[in-house]
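Chains as they are written, first to last, in full-length UniProt numbering: chain A, 1 to 180; chain B, 1 to 456; chain C, 1 to 347.
Please keep in mind that the hints were generated in silico from the structure rather than gathered at the bench. Some hints here could point you the wrong way.
Residues from chain B that face chain C, not an exhaustive set, calculated with beta carbons under 8 angstroms [to be verified]: (1) Ser198; (2) Trp201; (3) Gln357; (4) Lys370.
Beta carbons are placed, not taken as given, at the ideal position from N, Cα and C, and that holds for glycine.
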Amino acid sequence: MEVSNIKQVINIDERLTARINELLSHYPEDKKKSALLPVLHEVQDAHDNWLSVELQDRVAEILGIQPIEVYEVVTFYTMFNQQPIGKYMFEFCRTSCCAVRGAEDLMEYTCTKLGVKEGEVTPDGMFRVVGVECLGACGYAPMMQLGDYYKEHLTKEKIDAIIEDCRAGKVDLHKQAITE
Amino acid sequence: MGQKILLEHANVPGIKTYEVYRQHGGYRSVEKALKSMTPDEVVEEVKTSGLRGRGGAGFPTGMKWSFIDKKSGKPRHLVCNADESEPGTFKDRYLMEYIPHLLIEGMITSSYALGCNLSYIYIRGEYMWVFRILETAIKEAYAAGWLGKNILGTGYDLDLYVHCGAGAYICGEETALIESLEGKRGNPRIKPPFPAVSGLWANPTVVNNVESIAAVPWIVNNTGAEYAKIGIGRSTGTKLISASGHCKNPGVYEIELGLSVDEFMNSDEYLGGMMDDRPLKALVPGGSSVPILPANLIFKTAEGNDRLMTYESLSEGGFATGSMLGSGGFIVYNDTTCIVRNTWNFSRFYHHESCGQCSPCREGTGWLEKVLHRIENGHGREEDIELLWDIQRKIEGNTICPLGDAAAWPVAAAIRHFRDEFEYHVRFPEKIKNKDHFVAEPFEKVKHLVAKQEVI
Amino acid sequence: MKVTIDGQEIHVEPGTTILQAARMIGGESVPPAMCYYSKLKGSGGKCRCCLVEVSKGSDANPTPMPKLVASCVTGVMDGMEVKSITSERVIDARKSVTEFLLINHPLDCPICDQAGECDLQNLSFKHGSANTRFIEEKRTYEPENIGDKIQLHMNRCILCYRCVMVADQLTDGRVHGVLNRGDHSQISTYISEAINNEFSGNMIDVCPVGALTDKTFRFKQRVWFNKPYNAHRDCDKCCGKTTLWMFGNEIQRVTARKDEYHEVEDFICNECRFEHKKVEDWVIEGPRKFEKDSVINQNNYTRKIEKVTLETEKQILLGREQDRKKISMKAVPLKKEEEEIFKEGNI
Numbered sequence: 001m002e003v004s005n006i007k008q009v010i011n012i013d014e015r016l017t018a019r020i021n022e023l024l025s026h027y028p029e030d031k032k033k034s035a036l037l038p039v040l041h042e043v044q045d046a047h048d049n050w051l052s053v054e055l056q057d058r059v060a061e062i063l064g065i066q067p068i069e070v071y072e073v074v075t076f077y078t079m080f081n082q083q084p085i086g087k088y089m090f091e092f093c094r095t096s097c098c099a100v101r102g103a104e105d106l107m108e109y110t111c112t113k114l115g116v117k118e119g120e121v122t123p124d125g126m127f128r129v130v131g132v133e134c135l136g137a138c139g140y141a142p143m144m145q146l147g148d149y150y151k152e153h154l155t156k157e158k159i160d161a162i163i164e165d166c167r168a169g170k171v172d173l174h175k176q177a178i179t180e
Numbered sequence: 001m002g003q004k005i006l007l008e009h010a011n012v013p014g015i016k017t018y019e020v021y022r023q024h025g026g027y028r029s030v031e032k033a034l035k036s037m038t039p040d041e042v043v044e045e046v047k048t049s050g051l052r053g054r055g056g057a058g059f060p061t062g063m064k065w066s067f068i069d070k071k072s073g074k075p076r077h078l079v080c081n082a083d084e085s086e087p088g089t090f091k092d093r094y095l096m097e098y099i100p101h102l103l104i105e106g107m108i109t110s111s112y113a114l115g116c117n118l119s120y121i122y123i124r125g126e127y128m129w130v131f132r133i134l135e136t137a138i139k140e141a142y143a144a145g146w147l148g149k150n151i152l153g154t155g156y157d158l159d160l161y162v163h164c165g166a167g168a169y170i171c172g173e174e175t176a177l178i179e180s181l182e183g184k185r186g187n188p189r190i191k192p193p194f195p196a197v198s199g200l201w202a203n204p205t206v207v208n209n210v211e212s213i214a215a216v217p218w219i220v221n222n223t224g225a226e227y228a229k230i231g232i233g234r235s236t237g238t239k240l241i242s243a244s245g246h247c248k249n250p251g252v253y254e255i256e257l258g259l260s261v262d263e264f265m266n267s268d269e270y271l272g273g274m275m276d277d278r279p280l281k282a283l284v285p286g287g288s289s290v291p292i293l294p295a296n297l298i299f300k301t302a303e304g305n306d307r308l309m310t311y312e313s314l315s316e317g318g319f320a321t322g323s324m325l326g327s328g329g330f331i332v333y334n335d336t337t338c339i340v341r342n343t344w345n346f347s348r349f350y351h352h353e354s355c356g357q358c359s360p361c362r363e364g365t366g367w368l369e370k371v372l373h374r375i376e377n378g379h380g381r382e383e384d385i386e387l388l389w390d391i392q393r394k395i396e397g398n399t400i401c402p403l404g405d406a407a408a409w410p411v412a413a414a415i416r417h418f419r420d421e422f423e424y425h426v427r428f429p430e431k432i433k434n435k436d437h438f439v440a441e442p443f444e445k446v447k448h449l450v451a452k453q454e455v456i
Numbered sequence: 001m002k003v004t005i006d007g008q009e010i011h012v013e014p015g016t017t018i019l020q021a022a023r024m025i026g027g028e029s030v031p032p033a034m035c036y037y038s039k040l041k042g043s044g045g046k047c048r049c050c051l052v053e054v055s056k057g058s059d060a061n062p063t064p065m066p067k068l069v070a071s072c073v074t075g076v077m078d079g080m081e082v083k084s085i086t087s088e089r090v091i092d093a094r095k096s097v098t099e100f101l102l103i104n105h106p107l108d109c110p111i112c113d114q115a116g117e118c119d120l121q122n123l124s125f126k127h128g129s130a131n132t133r134f135i136e137e138k139r140t141y142e143p144e145n146i147g148d149k150i151q152l153h154m155n156r157c158i159l160c161y162r163c164v165m166v167a168d169q170l171t172d173g174r175v176h177g178v179l180n181r182g183d184h185s186q187i188s189t190y191i192s193e194a195i196n197n198e199f200s201g202n203m204i205d206v207c208p209v210g211a212l213t214d215k216t217f218r219f220k221q222r223v224w225f226n227k228p229y230n231a232h233r234d235c236d237k238c239c240g241k242t243t244l245w246m247f248g249n250e251i252q253r254v255t256a257r258k259d260e261y262h263e264v265e266d267f268i269c270n271e272c273r274f275e276h277k278k279v280e281d282w283v284i285e286g287p288r289k290f291e292k293d294s295v296i297n298q299n300n301y302t303r304k305i306e307k308v309t310l311e312t313e314k315q316i317l318l319g320r321e322q323d324r325k326k327i328s329m330k331a332v333p334l335k336k337e338e339e340e341i342f343k344e345g346n347i
């Protein structure tokens with residue numbers, strides 16, 4: 001298994017603890033494990049969008065389960081990242097409906113613009129471009145996911161603008177007001 | 001103009017909020033059901049309505065409800081399947097994003113019918129902003145007294161929460177969804193036992209699609225008999241169709257079942273014809289896993305009947321000349337599309353999404369993808385077409401869950417209807433090197449190269 | 001409850017699965033099982049080797065089941081009729097599953113310690129093809145060290161989940177599991193941890209293939225050159241009943257006793273398995289017998305062995321009659337009726 005040994009600063013603060021407790025309250029007292037996926041999302045969001053082994057072990061401890069039960073889940077679901085992914089990860093949908101509307105070309109354009117290959121992080125640690133499978137925005141193709149939000153009906157110009165916004169620090173991955 | 005049941009108020013400003021939703025008649029079905037109907041009466045109404053599961057399989061919802069085990073005395077659960085991930089399908093997202101309270105209202109009424117006191121909405125993790133919208137809406141519903149203890153003073157208690165997945169198509173399969181909801185890997189369970197007997201935490205559970213649940217309030221308000229009047233035959237009511245691909249106006253549409261494919265495709269009210277007016281080449285009418293239809297079988301069936309947007313008409317002719325309504329993911333392809341590349345694309349999807357639990361799917365989906373990738377990239381062999389056929393045949397029906405079938409069908413249908421394109425790829429590798437080979441030179445123009453030679 | 005499998009009728013208790021009923025009947029109708037293990041709760045249903053056709057659901061509802069069903073997880077109904085080897089669909093499905101299991105398998109039997117007692121080998125022997133249609137590159141995994149007692153060869157794994165169930169049901173605190181998804185799924189501890197638990201060695205015994213083998217036995221001996229003996233010792237942790245795999249006076253390996261379906265009779269502890277390799281530690285009961293077609297019988301010393309007389313001159317062209325039949329030498333065609341008998345190949 002490829003496991004990242006990059007050290008991650010773990011900070012499960014008061015806000016995060018409160019949120020975890022809220023999520024735990026959604027399940028019966030003896031079914032804490034059920035909260036695993038939502039808790040992992042919250043914890044990952046609060047830790048630069050990736051989950052080190054130590055962090056996964058902490059989650060196991062919080063839920064009172066074996067660490068392997070967390071590893072099994074983290075490696076199954078694609079949204080959990082096991083290594084640092086770069087600040088802004090552009091996840092292009094490239095399944096059929098997006099592909100026929102030019103997703104592949106657009107992704108290539110983005111890679112070329114940022115000077116990376118698919119999956120690589122830019123040297124400044126800012127960007128990463130990956131191709132993913134259907135995100136459920138087929139009618140608004142081509143599109144990509146950035147943090148918790150979708151960027152749809154993409155064009156080269158829109159990509160340029162998004163990259164600019166990211167560089168200018170104008171993009172909030174998780175707490176953007178829901179206006180789109 | 002067809003009747004709108006689900007999206008009637010979708011464009012009302014502020015309908016996302018509780019106040020506006022309530023002003024437009026929201027939560028009436030909860031009042032009606034809890035105060036004047038027994039749970040069994042609600043189930044009866046849904047049965048009468050003929051509503052069929054909108055997730056893809058089309059199993060009658062009322063009948064599914066009647067299977068839930070009430071004798072054991074164990075707590076029961078209703079779980080809403082909002083793990084919409086079938087390529088081509090994005091209707092549930094639209095519904096939840098724009099009218100979240102409709103789903104919550106449906107969940108309350110349906111939970112009451114099933115006697116559930118703890119219910120969940122399982123939404124795919126990528127829809128994180130929709131997850132937040134639903135969380136907010138649920139909080140509003142709690143605050144307004146529609147959820148919690150002793151709802152409307154009737155003594156009925158219900159807790160409803162939204163639970164997010166984390167990127168796995170397989171969790172749309174109901175038992176995988178339940179596993180995932182229990183905090184495990186999304187491996188589908190071996191059935192029997194079915195969820196209706198042993199589901200979430202081994203309790204009796206019903207899993208329903210978002211759209212099915214969202215139809216329940218209207219059915220309760222207007223009676224099942226009224227609902228059954230919409231549509232044709234066993235395809236009752238309205239259906240959300242997600243249209244994508246090379247059509248002029250992609251998006252989500254609510255149609256009355258029974259509309260003709262021709263009208264849906266070509267009228268300005270719906271898709272408005274083809275993008276850039278290029279010719280239509282193929283259609284996937286119900287999400288990536290249903291068989292693809294070639295142009296000559298789209299508007300008319302092999303029998304010469306008009307093809308309608310109903311469960312029955314779309315599957316007329318079986319897999320030989322028909323397809324399925326499935327989840328309503330309507331993907332339109334024009335003549336620039338390479339069917340081989342598209343089939344490879346679908347295969348890559350299923351390969352990526354196979355859970356890996358049972359051998360035919362784990363090994364077979366990867367094999368399909370690899371062979372298709374070779375053909376698409378000019379390294380195909382003549383015998384690969386037979387090989388593909390044989391692999392898909394060996395996956396189909398031999399797996400734990402329907403993902404195996406879903407991976408096999410698109411390959412089978414592509415070979416069945418577009419075999420000559422596969423042959424073209426194998427025989428003229430130089431011509432297909434560029435992935436956009438059909439843009440400059442659509443297949444129609446080169447078809448003669450692989451046509452069977454007639455000896456005169 | 002009455003159930004008929006390939007025309008053979010048997011009465012069983014409610015709750016019995018088709019596979020269990022078939023095993024009660026025995027013989028050729030018993031479906032192969034790569035993932036099901038009667039002693040592990042929740043096992044089965046995954047490998048799809050044991051698919052059978054239900055040609056009659058039950059007396060109450062005689063409709064046949066449209067799809068083939070996994071016999072290991074399907075309960076019998078009264079009056080059910082099942083086709084196992086009498087169904088072409090079933091044979092075809094078994095061939096398919098065998099092919100799927102083999103496409104990414106390294107086929108490294110010549111250097112695999114499991115060879116000779118491998119369920120996948122047996123399955124391929126029966127249902128496999130001599131040719132492969134898979135021309136792509138096979139999947140491989142990075143080796144992972146899971147301790148000094150158990151050797152993990154992930155490339156050979158068929159993901160039956162049995163070892164995970166052993167860890168779940170026999171040990172406290174499972175440290176390995178199935179990680180990743182789809183055809184990249186793998187058995188792993190994620191953090192390269194040693195699997196050290198009093199009962200962890202049973203993972204080796206339940207593994208149907210050579211993915212988990214005994215590290216203390218690694219490359220020591222082909223199993224058919226060992227002489228297996230039943231033996232026991234007083235053990236405070238387990239039953240202490242084992243099979244010793246001897247070579248001369250050396251105990252090369254200790255395993256639990258396995259029945260004809262290669263399931264252990266009783267699980268044993270790691271101390272019995274790994275710590276007692278001296279003959280004086282054990283009370284030896286006698287030779288252990290194996291089913292008649294097991295390769296382990298190659299070294300069968302319980303049977304009277306015929307004396308071989310060398311008549312080289314005379315048989316230099318024909319070879320011995322019995323060998324000639326075994327390998328179906330093409331140059332010396334068999335008689336018609338012999339062909340019938342040996343049609344299945346070199347059995």
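Okay, the hints, checked on the actual structure:
Interface hint status for Ser198 (chain B): violated, as the beta-carbon distance to the closest one in chain C is roughly 13 angstroms, over 8 angstroms. This hint is violated: Trp201 (chain B) has a C-beta 15 angstroms from the nearest C-beta of chain C, more than the 8 angstroms allowed. At its closest, the beta carbon of Gln357 (chain B) sits 5 angstroms from a beta carbon of chain C; the interface hint therefore holds under the 8 angstroms criterion. A cut of 8 angstroms between beta carbons decides the hint on Lys370 (chain B): the least distance to chain C is about 4 angstroms, and the hint holds.
Hints 1, 2, counting from the list given before, are not met by this structure.
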